[in-house]
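Q: Go ahead and model the full structure; you've got the sequences and the hints to work with.
There are 2 protein chains.
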Amino acid sequence: MTSGLQLIAVPGIPLVRAGDDLAGFILQGLATAGVALKDDDVLVVAQKIVSKAEGRLVDLTTISPSARAEELARVVRKDPRLVEIVLSESRRVVRAVKDVLIVEHRLGLVMANAGVDQSNAADPHGPPFALMLPKDPDASAARIREELRRHSGCSIGVVINDSFGRPWRVGTVGVAIGCAGLPVVLDLRGDPDLFGRSLQTSVLGYADEIAAAASLLMGQADEARPVVLVRGLKKDAPHQSAQALLRPAGEDLFT
Amino acid sequence: MTSGLQLIAVPGIPLVRAGDDLAGFILQGLATAGVALKDDDVLVVAQKIVSKAEGRLVDLTTISPSARAEELARVVRKDPRLVEIVLSESRRVVRAVKDVLIVEHRLGLVMANAGVDQSNAADPHGPPFALMLPKDPDASAARIREELRRHSGCSIGVVINDSFGRPWRVGTVGVAIGCAGLPVVLDLRGDPDLFGRSLQTSVLGYADEIAAAASLLMGQADEARPVVLVRGLKKDAPHQSAQALLRPAGEDLFT
Numbered sequence: 110m111t112s113g114l115q116l117i118a119v120p121g122i123p124l125v126r127a128g129d130d131l132a133g134f135i136l137q138g139l140a141t142a143g144v145a146l147k148d149d150d151v152l153v154v155a156q157k158i159v160s161k162a163e164g165r166l167v168d169l170t171t172i173s174p175s176a177r178a179e180e181l182a183r184v185v186r187k188d189p190r191l192v193e194i195v196l197s198e199s200r201r202v203v204r205a206v207k208d209v210l211i212v213e214h215r216l217g218l219v220m221a222n223a224g225v226d227q228s229n230a231a232d233p234h235g236p237p238f239a240l241m242l243p244k245d246p247d248a249s250a251a252r253i254r255e256e257l258r259r260h261s262g263c264s265i266g267v268v269i270n271d272s273f274g275r276p277w278r279v280g281t282v283g284v285a286i287g288c289a290g291l292p293v294v295l296d297l298r299g300d301p302d303l304f305g306r307s308l309q310t311s312v313l314g315y316a317d318e319i320a321a322a323a324s325l326l327m328g329q330a331d332e333a334r335p336v337v338l339v340r341g342l343k344k345d346a347p348h349q350s351a352q353a354l355l356r357p358a359g360e361d362l363f364t
Numbered sequence: 110m111t112s113g114l115q116l117i118a119v120p121g122i123p124l125v126r127a128g129d130d131l132a133g134f135i136l137q138g139l140a141t142a143g144v145a146l147k148d149d150d151v152l153v154v155a156q157k158i159v160s161k162a163e164g165r166l167v168d169l170t171t172i173s174p175s176a177r178a179e180e181l182a183r184v185v186r187k188d189p190r191l192v193e194i195v196l197s198e199s200r201r202v203v204r205a206v207k208d209v210l211i212v213e214h215r216l217g218l219v220m221a222n223a224g225v226d227q228s229n230a231a232d233p234h235g236p237p238f239a240l241m242l243p244k245d246p247d248a249s250a251a252r253i254r255e256e257l258r259r260h261s262g263c264s265i266g267v268v269i270n271d272s273f274g275r276p277w278r279v280g281t282v283g284v285a286i287g288c289a290g291l292p293v294v295l296d297l298r299g300d301p302d303l304f305g306r307s308l309q310t311s312v313l314g315y316a317d318e319i320a321a322a323a324s325l326l327m328g329q330a331d332e333a334r335p336v337v338l339v340r341g342l343k344k345d346a347p348h349q350s351a352q353a354l355l356r357p358a359g360e361d362l363f364t
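So the sequence lines, in the order shown, correspond to chains A and B.
Numbering of the first sequence is given in our numbering, commencing with residue 110 and proceeding in unit increments.
Numbering of the second sequence is given in our numbering, commencing with residue 110 and proceeding in unit increments.
Don't read these hints as lab results, they were simulated from the structure.
Be careful, since some hints might not be right.
Covered by chain A, according to a simulated footprint, are these stretches of chain B (three or more residues, beta-carbon under 8 Å) [what the hints assert, rightly or not]: (1) 115–127; (2) 171–184; (3) 203–209; (4) 286–292; (5) 311–324.
Lysine to aspartate or glutamate pairs mimicking EDC-like chemistry, simulated, CA-CA at most 16 Å apart [as the list claims (entries may be wrong)]: (6) Lys207(B) x Asp361(A); (7) Lys147(A) x Glu256(A); (8) Lys244(B) x Glu213(B); (9) Lys207(A) x Glu256(B); (10) Lys147(A) x Glu255(A); (11) Lys147(B) x Asp245(B); (12) Lys207(B) x Glu360(A); (13) Lys207(A) x Glu255(A); (14) Lys244(A) x Glu198(A); (15) Lys207(A) x Glu179(A); (16) Lys207(A) x Glu360(B); (17) Lys344(B) x Asp148(B).
Keep in mind that this is a model prediction, so the values were computed, not measured.
Ideal Cβ placement from N, Cα and C applies to all residues, glycine included.
A: Now the structure itself:
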């Protein structure tokens with residue numbers, strides 16, 4: 110494995126609007142920073158700007174909540190229109206109590222509010238908006254990767270990350286919701302340990318660790334650092350989809 | 110926040126035995142790498158070497174499993190002596206099915222096997238050993254920090270990390286089980302977002318993200334990289350214990 114890593118917040122990414130060219134912003138930011146892409150670099154891009162570029166904003170005033178959304182909104186004490194959007198993005202409700210609505214997103218992600226977010230989504234002086242996850246985050250990552258390859262000639266990886274809460278632990282951590290051009294889960298179960306005993310627990314959530322590392326630089330309130338370059342990762346394992354990080358619901362002990 | 114991070118695997122850490130001076134190994138490794146410590150550096154140290162230095166190995170042949178351990182061992186299909194040690198380190202069993210034993214460790218950590226590990230713990234040609242978590246990982250981190258301060262004059266942070274599985278997601282990620290000299294959870298709930306709306310979900314599991322980032326360099330099979338220096342973190346928030354990352358059991362939805 111690697112013996113050193115460098116993480117660089119790509120400077121100068123502007124506020125993103127629907128239709129914006131993220132790869133273009135990233136290349137411009139890297140040029141400003143005087144950084145030339147290299148093969149095996151990984152770019153971690155915050156979900157929020159990918160969603161914005163893809164026009165995943167919904168005007169809440171256009172939403173008529175269903176009876177089910179109204180009822181659930183009373184339990185979780187959230188805007189029924191927001192709950193309606195969450196339900197439309199979800200396969201099932203996992204937990205619903207005061208202030209907390211955990212669902213299985215249609216992509217298979219178990220997460221709060223189906224990733225639907227009101228903060229930083231739009232100007233509060235305009236109508237209220239909510240921002241949904243990208244339609245297909247793996248495809249979004251692949252598109253950004255392809256654009257960057259076209260301009261730089263380099264084979265890089267792209268991770269789209271979001272911040273997830275966890276059972277039992279306080280605070281959110283960055284996780285990978287879309288990936289292209291890198292291994293996502295590393296299975297070391299065949300490798301012997303230092304004494305030749307085979308490793309017991311050694312499937313690594315590799316892309317989630319990359320997402321968490323990048324999240325250290327991204328902050329939350331300041332959207333000026335939504336892209337982080339990670340340099341020094343060297344993994345020859347096959348590339349995977351972010352779906353490789355999802356345990357099949359039937360195999361999970363915490364449904 | 111920071112705009113760049115550097116992670117360096119500290120070279121030359123030897124196989125650790127009970128009583129070894131970890132801070133000494135770390136200082137020697139840093140000298141080999143030509144790296145001088147700076148204020149605000151954070152050293153992430155793998156739980157396994159801390160446990161070894163503290164003599165947390167148990168010879169399995171000395172353990173007589175209780176009836177409860179025997180019964181549980183049949184369910185989870187593990188060595189009853191190992192299960193006895195796991196129970197002795199735990200407050201309660203959270204889930205027990207074939208191949209999986211999730212407990213609440215006496216420190217409050219919800220984790221597989223109470224962190225008791227057989228891989229890399231000792232020579233397989235000798236008697237079978239198991240390795241337990243440090244008795245008090247915050248105290249272990251504080252001791253390493255103090256030793257490093259005494260020798261370097263620098264105020265650094267120390268994180269002791271371990272690899273945890275997660276509900277719903279495949280693969281382990283690094284988490285912080287012991288901390289000294291750094292903020293552990295960042296509460297940004299008071300900060301406004303870019304449009305002045307106050308942030309909704311903005312308690313960050315900061316030390317867990319540091320632990321995950323370092324884990325990218327540590328690998329699992331190769332114990333030559335159990336210490337990682339993280340440089341570039343700049344957080345003025347108050348220092349905390351790793352206990353700040355534990356949600357009180359009564360407030361959790363996945364008991």
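Q: Work down the list of hints and note, for each, if the structure agrees.
A: Against the structure, the hints come out as follows:
1. Given as covered by chain A, the region 115–127 of chain B passes the check, having 6 residues with a CB less than 8 Å from a CB of that chain where 3 are the minimum.
2. Coverage of the region 171–184 of chain B by chain A is violated. Counting CB-CB distances below 8 Å, 0 residues qualify, and the rule asks for three or more.
3. For the region 203–209 of chain B, the stated coverage by chain A is satisfied: 3 residues place a CB nearer than 8 Å to a CB of that chain, which reaches the threshold of 3.
4. Here's how the region 286–292 of chain B fares: 0 of its residues keep a CB closer than 8 Å to some CB of chain A, so the rule of at least three is not met and the hint is violated.
5. Taking a C-beta to C-beta cut-off of 8 Å, the region 311–324 of chain B contributes 11 residues in contact with chain A, enough for the three needed, and the coverage statement holds.
6. As the CA atoms of Lys207(B) and Asp361(A) are separated by approximately 13 Å, the hinted pair is consistent with the 16 Å bound.
7. At most 16 Å may separate the alpha-carbon atoms for a hinted pair to count; Lys147(A) and Glu256(A) meet this at roughly 14 Å.
8. Between Lys244(B) and Glu213(B), the direct Cα distance comes to roughly 15 Å. Compliance with the 16 Å bound is thereby established for this hinted pair.
9. With a C-alpha separation of about 46 Å, the suggested pairing of Lys207(A) with Glu256(B) is violated against the 16 Å cut-off.
10. With a C-alpha separation of about 14 Å, the suggested pairing of Lys147(A) with Glu255(A) holds against the 16 Å cut-off.
11. A threshold of 16 Å between alpha carbons decides the hint, and for Lys147(B) with Asp245(B) the separation of about 26 Å lies outside it, so the pair is violated.
12. Simply put, Lys207(B) and Glu360(A) have alpha-carbon atoms about 12 Å apart, close enough for the 16 Å limit, and the pair holds.
13. With a CA separation close to 43 Å, the supplied pair Lys207(A) and Glu255(A) exceeds the 16 Å bound.
14. Simply put, Lys244(A) and Glu198(A) have alpha-carbon atoms about 10 Å apart, close enough for the 16 Å limit, and the pair holds.
15. Distance check on the hinted pair: Lys207(A) and Glu179(A) sit about 14 Å apart at the alpha-carbon level, within 16 Å; holds.
16. Our distance criterion of 16 Å between C-alpha atoms is met by Lys207(A) and Glu360(B), whose separation comes to about 12 Å.
17. With a C-alpha separation of about 12 Å, the suggested pair Lys344(B) and Asp148(B) falls inside the 16 Å cut-off, and the hint holds.
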